[in-house]
Amino acid sequence: MDSNIGTAMHALMEELFPICRSLTGSGVRESLEILKRIAPLEIHEVPSGTRCFDWTVPDEWSVREAYVADSSGRKVIDFAENNLHLVGYSEPIEAEMDLEDLQVHLHSIPDQPGAIPYRTSYYDRTWGFCLCQKDRDALVPGTYRVKIDSTLAPGVLNYAELIIPGEQEDEVFLATNICHPSMANNELSGPVTCAFLARHLLEKPCRYTYRIAFVPETIGAIAYLSRNVERMKARTIAGYQVVCTGGPDDFTYLESRQGDTLADRAARHVLTQSGAAHRLLDYTHRASDERQYCSPRIGLPVGSLMRSKYHEYPQYHTSLDDLDFVTAEQLASSYALYCSILDGIEANRTYHTTLDGCEPNLGRRGFYPTLGGQSHKAADTRLYRGIMAYADGDHDLIGIATRHGWSITDAARAAQTLVEAGLIKEAARSTGKEETLRK
Amino acid sequence: MDSNIGTAMHALMEELFPICRSLTGSGVRESLEILKRIAPLEIHEVPSGTRCFDWTVPDEWSVREAYVADSSGRKVIDFAENNLHLVGYSEPIEAEMDLEDLQVHLHSIPDQPGAIPYRTSYYDRTWGFCLCQKDRDALVPGTYRVKIDSTLAPGVLNYAELIIPGEQEDEVFLATNICHPSMANNELSGPVTCAFLARHLLEKPCRYTYRIAFVPETIGAIAYLSRNVERMKARTIAGYQVVCTGGPDDFTYLESRQGDTLADRAARHVLTQSGAAHRLLDYTHRASDERQYCSPRIGLPVGSLMRSKYHEYPQYHTSLDDLDFVTAEQLASSYALYCSILDGIEANRTYHTTLDGCEPNLGRRGFYPTLGGQSHKAADTRLYRGIMAYADGDHDLIGIATRHGWSITDAARAAQTLVEAGLIKEAARSTGKEETLRK
Amino acid sequence: MDSNIGTAMHALMEELFPICRSLTGSGVRESLEILKRIAPLEIHEVPSGTRCFDWTVPDEWSVREAYVADSSGRKVIDFAENNLHLVGYSEPIEAEMDLEDLQVHLHSIPDQPGAIPYRTSYYDRTWGFCLCQKDRDALVPGTYRVKIDSTLAPGVLNYAELIIPGEQEDEVFLATNICHPSMANNELSGPVTCAFLARHLLEKPCRYTYRIAFVPETIGAIAYLSRNVERMKARTIAGYQVVCTGGPDDFTYLESRQGDTLADRAARHVLTQSGAAHRLLDYTHRASDERQYCSPRIGLPVGSLMRSKYHEYPQYHTSLDDLDFVTAEQLASSYALYCSILDGIEANRTYHTTLDGCEPNLGRRGFYPTLGGQSHKAADTRLYRGIMAYADGDHDLIGIATRHGWSITDAARAAQTLVEAGLIKEAARSTGKEETLRK
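Protein chains in written order, with my numbering: chain G, 1 to 439; chain L, 1 to 439; chain D, 1 to 439.
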């Protein structure tokens, strides 16, 4: 585990944490500008009112100030202190009202008296404030002054995209969300992890083209698909929704809708090989943008590797999902697994033997241990023999490695040696996508 | 559980119990006439000697009197007391004989000294009496007078049929047996359950056509198939052999020969959802008329949901399988599960999304909970989203519901809402029959 | 278990044990001549230098004398005492050298001080001696005289073949290895078992043609395939690599590469029915000539039933794998299971019902128990009914028997009765090979 990477990820998250992000607005743009320091993202705009499949891009939301003050003028709830205090997409208001009338616009969690809940109302025009239950209980009857200096007006929805061209047009897709305000696991961990993965991919030439999208959840994913879906359907061999990567819980891999795509096979292989505690969930447990990417007429092979999964941890969607909840080490471990998965996909190929039949004579090629205990060579021989045994144009390296309990890395290294020895050659199209489809 | 239904079923069974039924004869007709009070069955005749596949309809059997009297004239075995005393299809005899000669015609069960066994000899001409072992042991040496006033002569085999036309020509098939004399679980429970299911189906318009057959076991099923097989092969989407529904044991679902037909999938779904204790048995455990319905060149998708399964309970095929062995509650529970299964089949459809891609905007249609704890709406949202997620023309509602752990009822209700909202439409042919075939 | 067979097998092994076998040479020929007494093998030659796929047949190796003597002239290591003392394919040498120089040519096993290891160097020209660690430790510094009077010169590689013609050209393939010197489980048990299986097959007419090959491991199998592969690919329906059949451990069945061929299905069926303790291993555990027979462009359906599996027992490839390690009873048990498997393959057929539908009337054909406790007949009736229930041209007898928990023997007997009664007929091609392929 590269602890420097984890530290850098956490530091970036600290910088991004206070910014007020939402579906739209300057907070999103500000966040994307910061992320551009890690990887050269290109920021795009979709105008409000644009029709995207069944959806319409909403007005842009801007907030300058928002608070509730008591009769003495003291601000008892203040957006400036924590942007979670304001219900997302609150419309402007400036009014005085009794506590009783105010209460219907307040949100708190009785069971978590110290947590400010996260609430939004994107498509119903309303306003509201969120606060800790204990602060709410301390409000005394009387008149309160409510001020929300916000604007809901035509503007743009922003997203960022990075296309890293590879040797092949086939694409691997990584997506994450940039619409959550001050919460750490869900969701600053996702964009931060994605940015560092982009940097990792930029460090060396890639076989596949990488498409990395930083989008507001749901409407952003839908808007992004509306612009790119045909190309993505034609080219995507695997994809991941990168969210919730920073929490303390064991890994969860949420399978794609089809459940056995290259994305799923690579992730399961790497998780098993890693020895990390994890569970697999099928697509009925979906709840993030894979809902769009995997939807019936889109059908992309998109899974999601997470640590603390949305809806499952008590801090979820509250102010308790903070910078202490995610650690450098947890972030680094997710980053490392995603790197291994992407490396595995890069390394995955399908081969044909070049022989008319039978095993090759490994001995005369020096691939076989001669007399005595050359245990390293013996391990290699097992790899060579296993790959030759399944080099039939049907089994990809991930399949062969999984079957034998090897890592894809070791299998790919041995396969390369066999290629160089002229014993196997790559099948015409060997992404592993076909093996899945053929099943 | 509707205890009134159970009580009514048991009451009907009490009325039917004393009648002497067999493969043929007046007892069958008398029983069918009583069942017609519950549902408008049509009684059919197949003449003796009619060739049906590999079989020939036997002569009709009538019994007026049958007894064994001792030398004092006292009837020690009397058909008038219990029709199980006479071996089914016994030929006529009037003779005196020693106990020793009589013994070869007597049947009892040493291990169950208080049980009269049920024996028949449909295809070998012979005669015999069945009695409790303890009564047999009490017979004293001497001369006995044996009288069986029976007729075995050309006549008819009767069966009853009810076709309930539905919106579609596709058929659901229910079959049961009417050839057992005075035994309750196997087999008065079957025809009684079937009659009440018919009444249930008549109460409202059905999507599918229902074919309900009350036939003598084996030869009756074969005769019925010989007249209807082409239509049934073309139209049957699911079927059940309704027998042994009244005993005290946990439910058993016996799968069809193919094992994964709509009949099987609906039954397993409902059993799982019901929470009722049950087991699944594959087709190697077949022993009733599914042997004919599922046979190689017939191949209907017919399973069987039972409580106390034939061959497995000690009272089976004896006088101990009596009206106390079946209870109103047990009958009602079987009836209720069969109703749920049939309702599930009616509700099962396959849908396509009408969208070009991505999820629908449920919020603007009012399908999405707005702020705060609308937990009922949240549950509905999960249904809407799950159905939309699999509305690809491949997954039927039973499949989607099973996958998510929902009831087909809830899924169908949500699907109807989505249809009305124009978000999904039914696939061209959506009985769920194809999904099975495609697998 | 036929203990006479086991005794005869062990006696034959005792005779073969001292002979020095290798890939080539007179020891192989001498061994094959002895095996010819059991079954009429035909001995073939492949000249040195012959190209076989990726391999070349090596020179023939002959040894007349080989020893290491100390300065007093005493032979401290002598090939005449145990042929394992000499590294296989050692080149000739006659020299004096210090112990230190000698040591690099010595092989022993520190952890097994009483075992002479088995070493060969077929493709690297070198020489060496193997000895017990304790004997090696006893060597005193000084000058040793080393003499290996061997020849490595063009000659032939020998193998033996027996083709037993059957009613059909479809072939069952049995293969074993004849290249191991004085070791019992791996590998005299294989050729001895194969020879007795050949004798068993010669005792009665067979449905299938049997191809039995006694070959040196790897190069022999490859040479054999190079001469016969097209015919074998076209005709082989099942095959087994018969090795390691004599040791004390539980049975292991190593599956073919495809994993569900007739070879695999027959072996698993017989193992389950036998009640013998066993495990199944998939093809990733391959390490014998199935590596050639199942290789990508060969693809024969070859599995392997073993007792103590190569690489797994401590005596493996040492002098401790001796005649005490294999017993008559262990050999007989492997022989018996292989016989049952071959008998099962012979008996396996696929049937169609001859009826248009429904079950046959077994009663009027006397196949059905009449009144009372004919339990034997009842068991037969279950067989008849089960076979009729699946006589659809798709399920073979091994499949039907496995499904019901019957032996293939019982199923085949019942099927024959049904054939004679005209109720079923054999499908056009019914080897069970197609069922597997269709899956």
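None of these hints come from the bench; they were simulated from the model.
Be aware that one or more of the hints could be misleading.
Each pair may be met inside one copy or between any two copies, as identical chains are not told apart.
Straight-line alpha carbon distances no greater than 20 Å define the calculated EDC-like cross-link-like pairs of lysine to aspartate or glutamate that follow [unchecked claim]:
#1 Lys233 / Asp392
#2 Lys204 / Glu169
#3 Lys147 / Glu94
#4 Lys233 / Asp356
#5 Lys233 / Asp410
#6 Lys425 / Asp54
#7 Lys75 / Asp101
#8 Lys233 / Glu329
#9 Lys425 / Glu346
#10 Lys233 / Glu169
#11 Lys233 / Glu30
#12 Lys75 / Asp356
#13 Lys36 / Glu65
Hints and how they fare:
| no. | hint | verdict |
| --- | --- | --- |
| 1 | Lys233 / Asp392 | between (28 Å within a copy, 16 Å between copies) |
| 2 | Lys204 / Glu169 | within (17 Å within a copy, 58 Å between copies) |
| 3 | Lys147 / Glu94 | within (4 Å within a copy, 105 Å between copies) |
| 4 | Lys233 / Asp356 | between (37 Å within a copy, 13 Å between copies) |
| 5 | Lys233 / Asp410 | neither (31 Å within a copy, 33 Å between copies) |
| 6 | Lys425 / Asp54 | between (46 Å within a copy, 16 Å between copies) |
| 7 | Lys75 / Asp101 | within (17 Å within a copy, 93 Å between copies) |
| 8 | Lys233 / Glu329 | neither (35 Å within a copy, 56 Å between copies) |
| 9 | Lys425 / Glu346 | within (16 Å within a copy, 40 Å between copies) |
| 10 | Lys233 / Glu169 | within (12 Å within a copy, 39 Å between copies) |
| 11 | Lys233 / Glu30 | neither (31 Å within a copy, 67 Å between copies) |
| 12 | Lys75 / Asp356 | neither (82 Å within a copy, 48 Å between copies) |
| 13 | Lys36 / Glu65 | neither (27 Å within a copy, 78 Å between copies) |
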